[in-house]
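What follows is the residue order along each chain.
There are 2 protein chains.
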Amino acid sequence: MTQATRILLASRPSGTPTLDNFRTETVELPDAAEGEVTLKVLYLSLDPYMRGRMSDAKSYAEPVPVGGLMEGETVAEVLKSRHPGFAPGDLVRGRTGWCSHSVINGDKLRLIDTHGAPISTALGVLGMPGFTAWSGLRFIGKPKAGETVAVAAASGPVGSMVGQLAKLAGARAVGIAGGPEKCAFVKDELNFDAALDHRSAGLASDLQAECPDGIDVYFENVGGHVWDAVLPLLNLYGRVPVCGLVAHYNGEGAADTDRLPPTMSTILRRSLLVRGFIQTEFAEHFDEFLAEIGPRVASGEIRYREDVVDGLLNAPEAFIGMLTGKNFGKLVVKVA
Amino acid sequence: MTQATRILLASRPSGTPTLDNFRTETVELPDAAEGEVTLKVLYLSLDPYMRGRMSDAKSYAEPVPVGGLMEGETVAEVLKSRHPGFAPGDLVRGRTGWCSHSVINGDKLRLIDTHGAPISTALGVLGMPGFTAWSGLRFIGKPKAGETVAVAAASGPVGSMVGQLAKLAGARAVGIAGGPEKCAFVKDELNFDAALDHRSAGLASDLQAECPDGIDVYFENVGGHVWDAVLPLLNLYGRVPVCGLVAHYNGEGAADTDRLPPTMSTILRRSLLVRGFIQTEFAEHFDEFLAEIGPRVASGEIRYREDVVDGLLNAPEAFIGMLTGKNFGKLVVKVA
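Protein sequences, first through last, are from chains A and B.
In this text, residue positions in the first sequence follow our numbering: the first is 1, and each later residue adds one.
In this text, residue positions in the second sequence follow our numbering: the first is 1, and each later residue adds one.
None of these hints come from the bench; they were simulated from the model.
Here a beta-carbon is modelled for each residue, glycine too, at the ideal position from N, C-alpha and C.
Be aware that one or more of the hints could be misleading.
Said to hold, decoys possible - Heads up, simulated DSSO-like pairs for lysine-lysine below, C-alpha to C-alpha not over 27 Å straight-line:
1. K142/A x K142/B
2. K80/B x K187/B
3. K142/A x K326/B
4. K144/A x K326/B
5. K80/B x K326/B
6. K144/B x K187/B
To be verified - Calculated Cβ distances over 10 Å to all of chain B for the following chain A residues:
7. A4
8. H83
9. Q208
10. G244
11. A254
12. I267
13. D310
Excised from the complex, chain A in its bound form (with noise of 0.2 Å):
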């Protein structure tokens, strides 16, 4: 028998969840039915995705039902196996919810091979929101040589590898962040063109300065102010792959005014493409993704942060202080 501790969806939150959102339990695993494997959790991977997740807005994907488990995505270590892909010591990546320990189907597991980086980053940069980033721009932003791309979010998964791509590309980065410290990482440490924080009351006219060819790619994950920001200085023929709205998940996100007309009618005036997408649409390409970018990140060619909290406990808190810009770098929990 196998004891795990578990995180639950305790209540819905209405605007930024609280720890009262959340329940621990700790629970006896039944043993792996034929199929199933046991996993030690080592890594819990904290995205902003599962915000939505603990609402009962329509989305994408169904919600977490309130004293449920709390979706995630981790890296495990295969304690025991009945599953023929599958051999005790093997490392792998599934959606084993927040948890220290999971018996689940084998089917739905990915042996993880990080080219020699730290096992940690097949959650992050060579993860979802790498593999976010990368077919984002692969399959709809296509950011050309000379072209500018910015990005909120910067010095995020997502954001930090959409600019080092795009830098790749031989187009400008301009990247978003929050405060000065994630400016300086995204300029002087991912080699960013230009980096602006998004607190300042500058934000539309300091990125007209560093855009002076105006926007022809514009990354989006957050919405919001920032949308406003952007806007006006997209391109003809612009192109805005929409994978999150993280300024809007907490409530945020609507204005005084009715937004849509000035955002519809530079659609149409501008020709601009826009796209949302889920990573998944594209899965079939996450081992070109792989073999592309993964020894770009063992060499360190390709750059990543993660912010690491340590014990699945402190999973809620890290959780709340992500949604509100307070981590830096892709936010993981080691779990074991």
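Fit chain B to the given chain A structure using the hints.
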């Protein structure tokens, strides 16, 4: 010497234009210089985009200067030619503006070929509006058999072609139009699967009832409250070619609340493609369009309706009426 009657922009309108915004003049035209042709205008096309040209708000094209000739496309007969591509008697299409006669560079003219259909169709179903519908579906909307295509202003030159092309692709065509007479035309004459009155208070629920499998392609040419009815029905991977926002051209379209967040979150949740376009982007495909659609118009397989106004001097009143939905079918002015 040739005398020309010309209609000028007298002043910029605020909201719906009035007759005061136009002025008529009669001038003597110079003889055609080398490379030019002298034209007698037969038909003038009146189109919603012209409202945009009357304003000095930023757009995809330069505004008409106050005191300048109103822009517009015409079908004309060549009277004299000093251009090797044209001879007296040739029928051409060109941007001569709102006038009875013109001396113009021949390089910008196009011989018309309507495959036996009346020559006025070169301004409608076989001209810019028809090509707008065709290219927006061909390159952006991409309707597939079994899908549902919705379009507003469905009795108009763009909308009527959108629905008929959708049917040819094996899709369900749902049209939205203003009033019972236009709706009857859309359903009974154009053979759309359904036609809804946008003036009905129950538009949203009516549309839902007529789109039991949701909407896969919404061809956006009006904006305003029709968008609000369409948005909740858009399916995963839905496509929205945006070619016009007629409801906004007179300053309408904004609501009391910020409609941008629900629009952006729907784009994200449903992985929607929203793409603005102007038909000129696809101009190299015009001959392909004509070869495919011309014979179908000439044979009656593709239907169209024209609203012909007699006399150039009646163009301003007809144009104002069009902006408030008074015309029924493609509005053209018979000039000579």
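Hint by hint, here is what the structure shows:
1. Simply put, K142/A and K142/B have alpha-carbon atoms about 20 Å apart, close enough for the 27 Å limit, and the pair holds.
2. Proximity of K80/B to K187/B is assessed by CA-CA distance (about 45 Å); at most 27 Å being required, the pair is judged violated.
3. For the proposed pair K142/A and K326/B, the alpha carbon gap of about 43 Å is over 27 Å, so the pair is violated.
4. Our distance criterion of 27 Å between C-alpha atoms is broken by K144/A and K326/B, whose separation comes to about 46 Å.
5. Only pairs whose Cα atoms come within 27 Å are accepted, and K80/B paired with K326/B is rejected, the gap being roughly 37 Å.
6. In summary, the hint linking K144/B to K187/B is supported, as the alpha carbons are separated by about 21 Å, within the 27 Å threshold.
7. Annotated as non-interface, A4/A keeps its C-beta farther than 10 Å from every C-beta of chain B; the closest such distance is 32 Å.
8. Every beta carbon of chain B lies more than 10 Å from that of H83/A, the smallest distance being close to 31 Å; the non-interface claim holds.
9. For Q208/A, the condition that its CB be more than 10 Å from all CB atoms of chain B holds, with the nearest at approximately 15 Å.
10. The claim that G244/A is not at the interface with chain B is violated, since a C-beta of that chain comes within 10 Å of its own (minimum 7 Å).
11. Taking the minimum C-beta to C-beta distance to chain B, about 4 Å, the non-interface status of A254/A is violated against the 10 Å cut.
12. A beta-carbon of chain B comes within 10 Å of the beta-carbon of I267/A; the shortest separation is about 4 Å.
13. Its beta-carbon lying about 33 Å from the closest one in chain B, D310/A satisfies the requirement of being farther than 10 Å from that chain.
Comparing the model with each earlier hint shows violations of hints 2, 3, 4, 5, 10, 11, 12; every other hint is respected.
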